[in-house]
Amino acid sequence: MKLLSRDPGRLVFRLTKRDHEALLTTLRLGPLFPRQGRPISRDAAGLEKLRAAQEDLDAALVEHRRSRVAEVEALIADPARCAPLKPSGWKLTLSTAESEALLQLLNEIRVGAWEKLGAPDFGAGERPKIDEENLLGLWAFQLSEVFQGVLLDALVGEDG
Amino acid sequence: MPEILEPPVRPGVVPILEDQPKRTREPGYLVICWNDPVNLMPYVTHVFQAVFGWDRQRAEKHMKEVHENGKSVLAKEGFEKAEFYVHELQKYSLQATMEPEA
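Listed in order, the protein sequences are those of chains A and B. Residues in the first sequence are numbered consecutively from 5, following the working numbering. Residues in the second sequence are numbered consecutively from 34, following the working numbering.
Bound-form chain A, shown alone (with noise of 0.2 Å):
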């Protein structure tokens, strides 16, 4: 996946046959990593106020995440967003905002998978075993990895 062209608030991206597939895999690969309790404070829980509060934050991702998968499902079936090139490849046409929404959902995705792959420290040399289990989430971790970066790059150009 690569950045075609930028004009102010809308980003084109070039995709070929296999990012295209692999983008679409990955999104679809979301629902098997659902994130982890996600708590609203560390030293304070036991407020009554900050009880109630999570309640509230957990619903709101919960829709949080339902919308982003919708918003982002109907952007890549719409054929003005993306669409085929000749003679091969895909074209990704998505707002500022969309591509946020995109990059939230793959983070989202990325983080619950590493959450299923026992949440490793990868940077203290922890690994997870690479088996039959693991394999999805490990392949789901890199590639959102990957997407991101690209994303990421577009947006910062955007920030200007």
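Just so you know, the hints here were simulated from the structure itself, not pulled from any lab data. Incorrect hints may have been included.
Stated by the list, open to error - Listed next, the stretches of chain A that the computed footprint assigns to chain B, with coverage defined by at least 3 CB atoms under 8 Å from CB atoms of chain B:
{"id": "1", "segment": "32–44"}
{"id": "2", "segment": "53–64"}
{"id": "3", "segment": "123–135"}
Unchecked claim - DSSO-like cross-link-like pairs, simulated, lysine-lysine; straight-line CA separation at most 30 Å:
{"id": "4", "chain 1": "A", "residue 1": "Lys21", "chain 2": "B", "residue 2": "Lys109"}
{"id": "5", "chain 1": "B", "residue 1": "Lys97", "chain 2": "B", "residue 2": "Lys124"}
{"id": "6", "chain 1": "A", "residue 1": "Lys133", "chain 2": "A", "residue 2": "Lys53"}
{"id": "7", "chain 1": "B", "residue 1": "Lys97", "chain 2": "A", "residue 2": "Lys6"}
{"id": "8", "chain 1": "A", "residue 1": "Lys53", "chain 2": "B", "residue 2": "Lys114"}
{"id": "9", "chain 1": "A", "residue 1": "Lys90", "chain 2": "A", "residue 2": "Lys21"}
{"id": "10", "chain 1": "B", "residue 1": "Lys114", "chain 2": "B", "residue 2": "Lys124"}
{"id": "11", "chain 1": "A", "residue 1": "Lys90", "chain 2": "A", "residue 2": "Lys6"}
{"id": "12", "chain 1": "A", "residue 1": "Lys133", "chain 2": "B", "residue 2": "Lys124"}
{"id": "13", "chain 1": "B", "residue 1": "Lys94", "chain 2": "B", "residue 2": "Lys109"}
{"id": "14", "chain 1": "B", "residue 1": "Lys97", "chain 2": "B", "residue 2": "Lys114"}
{"id": "15", "chain 1": "B", "residue 1": "Lys114", "chain 2": "B", "residue 2": "Lys94"}
{"id": "16", "chain 1": "B", "residue 1": "Lys124", "chain 2": "A", "residue 2": "Lys6"}
{"id": "17", "chain 1": "B", "residue 1": "Lys94", "chain 2": "B", "residue 2": "Lys124"}
{"id": "18", "chain 1": "A", "residue 1": "Lys95", "chain 2": "B", "residue 2": "Lys124"}
{"id": "19", "chain 1": "A", "residue 1": "Lys95", "chain 2": "A", "residue 2": "Lys6"}
{"id": "20", "chain 1": "B", "residue 1": "Lys97", "chain 2": "B", "residue 2": "Lys109"}
{"id": "21", "chain 1": "B", "residue 1": "Lys104", "chain 2": "A", "residue 2": "Lys53"}
{"id": "22", "chain 1": "B", "residue 1": "Lys94", "chain 2": "B", "residue 2": "Lys104"}
{"id": "23", "chain 1": "B", "residue 1": "Lys124", "chain 2": "A", "residue 2": "Lys53"}
{"id": "24", "chain 1": "B", "residue 1": "Lys124", "chain 2": "B", "residue 2": "Lys104"}
{"id": "25", "chain 1": "B", "residue 1": "Lys114", "chain 2": "B", "residue 2": "Lys104"}
{"id": "26", "chain 1": "A", "residue 1": "Lys6", "chain 2": "B", "residue 2": "Lys94"}
{"id": "27", "chain 1": "A", "residue 1": "Lys6", "chain 2": "A", "residue 2": "Lys21"}
{"id": "28", "chain 1": "B", "residue 1": "Lys124", "chain 2": "B", "residue 2": "Lys109"}
We put the beta carbon where it would ideally sit given N, CA and C, even for glycine.
Given chain A, work out where chain B should sit, using these hints.
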């Protein structure tokens, strides 16, 4: 009956927070981002820019604090604003929490 005097505030002048008695202030909450071994440094910088509208330099300073010190205090706000920021940061899968100010 004693006459009730209006406080000596000129029209159009908003009293600053420091002039108010402490008991009237809403308790502050610190919005903290914690280090984790998964989120990429450029990603964290980007999220700080997107959520807080910071320039790159300020966002990178906080990202480095997270990476080197294990956490960074990103904001000090009232309950609702702090909660809003935690929601936004967690939507990006960052480990962000709100902690009552000591």
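Inset, instruction - Given the hint that Lys95(A) pairs with Lys6(A), test it: the Cα-Cα distance must not exceed 30 Å. - result: Holds: Lys95(A) and Lys6(A) sit about 10 Å apart, inside 30 Å.
Inset, instruction - Starting from Lys6(A), check that the Cα of Lys21(A) is at most 30 Å away, please. - result: It holds: about 12 Å lies between the C-alpha atoms, which stays within 30 Å.
Legend entry - Agreement of Lys124(B) and Lys109(B) with the hint, judged by alpha carbon distance not exceeding 30 Å: Status holds; Cα separation ~20 Å.
Legend entry - Hint consistency between Lys114(B) and Lys104(B) [alpha-carbon to alpha-carbon, up to 30 Å]: With Cα atoms ~20 Å apart, Lys114(B) and Lys104(B) stay inside 30 Å; holds.
Inset, instruction - Measure nothing beyond the straight line between the CA atoms of Lys133(A) and Lys53(A); if it is 30 Å or shorter, mark the hint as holding. - result: 41 Å, violated
Legend entry - Hint consistency between Lys94(B) and Lys109(B) [alpha-carbon to alpha-carbon, up to 30 Å]: Distance of about 17 Å is within 30 Å: holds.
Inset, instruction - Measure nothing beyond the straight line between the CA atoms of Lys95(A) and Lys124(B); if it is 30 Å or shorter, mark the hint as holding. - result: Given pair Lys95(A), Lys124(B) holds - Cα atoms ~27 Å apart, limit 30 Å.
Inset, instruction - Compare the distance between the alpha carbons of Lys124(B) and Lys104(B) with 30 Å, and conclude whether the hinted pair is satisfied. - result: 18 Å, holds
Inset, instruction - Take a quick look at whether Lys90(A) and Lys6(A) sit within 30 Å of each other, Cα to Cα. - result: Distance ~16 Å between Lys90(A) and Lys6(A) Cα, so the pair holds.
Inset, instruction - For the pair supplied as a hint, Lys21(A) and Lys109(B), confirm whether the alpha-carbon distance does not exceed 30 Å. - result: 47 Å, violated
Inset, instruction - Take a quick look at whether Lys114(B) and Lys94(B) sit within 30 Å of each other, Cα to Cα. - result: 22 Å, holds
Inset, instruction - Take a quick look at whether Lys6(A) and Lys94(B) sit within 30 Å of each other, Cα to Cα. - result: 29 Å, holds
The structure is inconsistent with the numbered hints 4, 6, although it conforms to all the rest.
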